[in-house]
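Model the full assembly from the supplied sequences, consistent with the hints where possible.
There are 2 protein chains.
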Amino acid sequence: MKLEERAIEEKICPLEFAVNTISGKWKIPIVWRINEGEKRPSEMLRGIAKVDRRVLNQQLKELERDGILYKKNFNELPPRVEYSLTPLGEKLVSVLWKLNDWGKLLIAQ
Amino acid sequence: MKLEERAIEEKICPLEFAVNTISGKWKIPIVWRINEGEKRPSEMLRGIAKVDRRVLNQQLKELERDGILYKKNFNELPPRVEYSLTPLGEKLVSVLWKLNDWGKLLIAQ
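From first to last, the protein sequence lines are chains R and U.
Taking my numbering, the leading residue of the first sequence gets 1, the next gets one more, and so forth.
Taking my numbering, the leading residue of the second sequence gets 1, the next gets one more, and so forth.
No wet-lab data here; the hints were simulated from the structure.
Warning: the hint list may mix true and false statements.
Which copy is meant is left open, so a pair is good if it fits within one copy or across any two.
Here are the simulated lysine-lysine pairs, BS3-like style, with alpha carbons at most 27 Å apart [to be verified]:
id, residue 1, residue 2
1, 98, 27
2, 71, 104
3, 71, 50
Below you can see the structure in the form of structure tokens.
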């Protein structure tokens, strides 16, 4: 089912939908790191403590399905895959920056 | 331990801290509803499907501890309690609006 149909059927507001979409384990760190230039899963595995390859791949797959990441397959041996942010993913990053600013206020209080 | 000490000790960035703080079950719907004028726990129980009183009270307590909500006790019988957003809570709401806008793009794509 498409996102829009799911949203209507489940009568949920855009905020709830946004939160559900990004609240999967490691999704925010993944988006954040891709924004900082880490394109390959092997780089993310080094950067994100405690995430294993299987979980990382699942999260990347969901982020790609939801239109947040774009996956590029290079026809090379050994196989090479790189992820980048779609325009929707870039807009998400700008919201995450605002949440980061809010987090600073939260910590400083 | 204070929030700031926890943040330093656990070496986490403000974004991660913000996400951890608001990702407790029902916290975003609670903040959203208080912003829309529902001040009393009994109103929230009617408004948020599936949340039970014990869970709601726990979430309200944590949001108060983290400086997002302000709790006012009226010296009345039967006892009356009302919650409102602190300035930090109001700033959170403005970020949630941005996330809501992003959710619209996500649904529409």
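Checked hints:
| no. | hint | result |
| --- | --- | --- |
| 1 | 98 / 27 | both (17 Å within a copy, 18 Å between copies) |
| 2 | 71 / 104 | between (32 Å within a copy, 23 Å between copies) |
| 3 | 71 / 50 | within (23 Å within a copy, 38 Å between copies) |
Of the numbered hints stated above, none is contradicted by the structure.
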